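> Here is how the chains run, residue by residue.
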Amino acid sequence: MTGIKIGQYVHGDSFLHSLDPRIKIICCIVIMVSVLINYSWYYLLFHLLLIIMAIKASGLSFRFMSGCLRSIRYLLLVTFVLQIFLTPGEAVLSLGRISISQEGLLIASINLLRLLILFFGSLLLIMTTSPIKLSAGIEFLLLPLNKLNIPVHHFTTILSISFRFIPTLIEEATIIKNAQRSRGAQFDSPNLIVRLKSYMAIIIPLFEASLLRAEELGEAMDSRCYTGHPNQLRMSSLKLMGKDLVLLGFMFLVLGIGISISLGSS
Amino acid sequence: MISIRNASYCYPQGERPALRNINLDIRENEILGIIGRNASGKSTLARLLNGVVIPSTGQVEIDGLSSAIPENRGLIKQKVALLLAEPDNQFVSNLVEEDVAFGPENLGLAPSEIRRRVDTALQMVSMEDYAKYPPYLLSGGQKQRVCIAGLLAMRPKYMVLDEPTAMLDPQGKKEVRKILGELKEQEGLSIIIISHDLEELLQADRLVWLEQGQIKLQDSSRNLLARVDVLRNAGLGGLEISRLIEQLNMAGYDIPSDILSPSELVEELCRLR
Numbered sequence: 001m002t003g004i005k006i007g008q009y010v011h012g013d014s015f016l017h018s019l020d021p022r023i024k025i026i027c028c029i030v031i032m033v034s035v036l037i038n039y040s041w042y043y044l045l046f047h048l049l050l051i052i053m054a055i056k057a058s059g060l061s062f063r064f065m066s067g068c069l070r071s072i073r074y075l076l077l078v079t080f081v082l083q084i085f086l087t088p089g090e091a092v093l094s095l096g097r098i099s100i101s102q103e104g105l106l107i108a109s110i111n112l113l114r115l116l117i118l119f120f121g122s123l124l125l126i127m128t129t130s131p132i133k134l135s136a137g138i139e140f141l142l143l144p145l146n147k148l149n150i151p152v153h154h155f156t157t158i159l160s161i162s163f164r165f166i167p168t169l170i171e172e173a174t175i176i177k178n179a180q181r182s183r184g185a186q187f188d189s190p191n192l193i194v195r196l197k198s199y200m201a202i203i204i205p206l207f208e209a210s211l212l213r214a215e216e217l218g219e220a221m222d223s224r225c226y227t228g229h230p231n232q233l234r235m236s237s238l239k240l241m242g243k244d245l246v247l248l249g250f251m252f253l254v255l256g257i258g259i260s261i262s263l264g265s266s
Numbered sequence: 001m002i003s004i005r006n007a008s009y010c011y012p013q014g015e016r017p018a019l020r021n022i023n024l025d026i027r028e029n030e031i032l033g034i035i036g037r038n039a040s041g042k043s044t045l046a047r048l049l050n051g052v053v054i055p056s057t058g059q060v061e062i063d064g065l066s067s068a069i070p071e072n073r074g075l076i077k078q079k080v081a082l083l084l085a086e087p088d089n090q091f092v093s094n095l096v097e098e099d100v101a102f103g104p105e106n107l108g109l110a111p112s113e114i115r116r117r118v119d120t121a122l123q124m125v126s127m128e129d130y131a132k133y134p135p136y137l138l139s140g141g142q143k144q145r146v147c148i149a150g151l152l153a154m155r156p157k158y159m160v161l162d163e164p165t166a167m168l169d170p171q172g173k174k175e176v177r178k179i180l181g182e183l184k185e186q187e188g189l190s191i192i193i194i195s196h197d198l199e200e201l202l203q204a205d206r207l208v209w210l211e212q213g214q215i216k217l218q219d220s221s222r223n224l225l226a227r228v229d230v231l232r233n234a235g236l237g238g239l240e241i242s243r244l245i246e247q248l249n250m251a252g253y254d255i256p257s258d259i260l261s262p263s264e265l266v267e268e269l270c271r272l273r
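Protein chains in written order, with the numbering used here: chain A, 1 to 266; chain B, 1 to 273.
Keep in mind the hints are simulated off the structure, nothing from the lab. Note that the structure is predicted; figures quoted are calculated from it, not measured. The C-beta atom is built at its ideal place from N, Cα and C for all residues, glycine as well. Incorrect hints may appear among the rest.
Said to hold, decoys possible - Footprint (simulated), chain A over chain B, 3 or more residues, beta carbon under 8 Å:
{"no.": "1", "segment": "94-106"}
{"no.": "2", "segment": "125-137"}
{"no.": "3", "segment": "150-162"}
{"no.": "4", "segment": "247-254"}
{"no.": "5", "segment": "263-270"}
Please model the entire structure based on the sequences and the hints provided.
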């Protein structure tokens with residue numbers, strides 16, 4: 001299958017694909033909490049190793065996954081640069097009034113590592129779980145909120161449809177961008193204001209097209225008997241297996257170790 | 001049978017009615033074509049048939065179920081499937097089989113029955129090999145076939161197709177037309193096609209011409225498609241073969257105007273010699 005886009009579900013029969021979506025979501029949250037509460041290099045590198053193993057177990061290519069980093073390269077760069085220059089501490093390199101501190105380098109590297117783990121962790125979740133299964137998993141985990149009259153089913157339907165429409169809107173944005181460029185929009189102008197104005201010429205028609213699409217989608221869903229009421233009978237029902245529970249136990253063990261390391265160091 | 005009696009409809013912000021005094025019967029196992037200029041009320045009529053739009057006055061009955069009664073609307077939508085022009089706006093999932101399963105899931109069927117219906121529907125449109133594909137990797141024709149499968153999985157009796165090939169390339173149009181012919185022959189479905197494409201309407205048994213929200217004319221497709229003057233008025237221009245016959249007759253030949261296929265025309269021309 002060629003033409004896979006970043007963040008879109010890729011069907012497969014791998015170990016990661018076969019896991020219950022609820023477990024994958026919980027594991028993803030556990031990883032997020034673990035890496036955010038802990039500064040230990042070893043602990044973070046261990047998580048990076050886990051992510052690499054998970055990529056291997058997902059059947060997705062390392063080349064494709066590393067290519068996805070392009071989409072967050074500016075975020076990584078800005079985070080890294082700001083951390084190394086703005087963290088006070090013992091200077092290792094000075095360029096006039098600006099200096100790079102040892103602590104800044106350490107914190108910037110740790111945060112870079114954290115961002116990588118969070119990015120790949122969430123990417124693996126959404127690329128190995130179909131939108132319908134993902135929303136079924138989220139719906140199950142948020143079920144208690146129903147008691148507070150929060151419309152969980154509506155929220156998860158919106159979420160899964162948003163995932164579904166990402167490639168369509170990207171394609172639409174590209175078409176509009178090319179159309180506006182052919183009409184003189186200057187997306188590469190050195191003048192920031194001109195560039196911003198050019199991008200506005202994409203956003204407005206894209207927004208309008210999205211509303212039209214939403215209207216038609218609503219009509220199509222209505223025609224297919226969608227009523228907005230939760231329906232627990234899906235083609236692939238959620239089923240917990242032994243491997244799901246083993247993985248969940250392992251991730252909580254990792255979290256427990258992380259918390260004890262964090263408490264020990266503070 | 002779908003029966004429309006004296007139905008009129010005006011959109012909430014509309015200045016004049018989109019449909020006026022429509023009387024129409026749609027029989028079982030029939031292909032009905034609806035033609036007309038833009039804004040003549042064709043799409044509103046399509047939505048009237050499956051209960052998405054309820055007539056302001058008059059009545060629409062589907063197998064005896066009135067669309068005016070809210071309790072009937074679920075069953076009506078199950079019986080009368082609606083296909084829109086743009087396949088991309090009809091997908092709810094990023095996986096073909098999950099999308100096809102959306103309708104049966106909404107009907108509250110058992111998972112094993114949903115699976116059976118999805119597999120059968122995908123086989124009916126020859127898309128079973130693409131069950132695990134995301135729709136964005138399919139061609140326009142394949143996408144529309146998946147949308148048709150999504151409707152077939154609900155086991156409808158009538159299918160309303162609102163310009164089903166408008167967004168497709170010639171190959172995609174060919175694929176969808178082939179499927180529609182098969183559905184009528186093999187599944188006994190009634191198909192209502194709204195189209196500006198006369199080649200597509202050749203499959204129809206009967207045509208209805210809508211003009212400013214009213215039925216101006218209805219006749220067998222053979223009779224109506226041969227009338228280039230009517231088709232011009234309906235903004236469709238006429239079939240290429242009918243235009244050719246018109247030119248030949250103007251040049252002094254006497255060829256029957258109801259010929260719609262090249263082979264029939266060749267036969268007629270050979271007879272002239």
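> Now, for every hint given, state plainly whether the structure supports it.
Verification of the supplied hints:
1. With 10 residues bearing a CB less than 8 Å from a CB of chain A, the segment 94-106 of chain B meets the requirement of three and the coverage assertion stands.
2. With a cut-off of 8 Å between beta carbons, the segment 125-137 of chain B has 5 residues touching chain A; three or more are needed, and the interface restraint holds.
3. Counting residues of the segment 150-162 of chain B whose CB falls under 8 Å from any CB of chain A gives 3; the rule of at least 3 is met.
4. Given a C-beta distance limit of less than 8 Å, the hint that chain A covers the segment 247-254 of chain B is violated, as 0 residues qualify and 3 are needed.
5. Note: the segment 263-270 of chain B has 0 residues with beta-carbon separation from chain A under 8 Å; the three-residue rule is not met and the coverage is violated.
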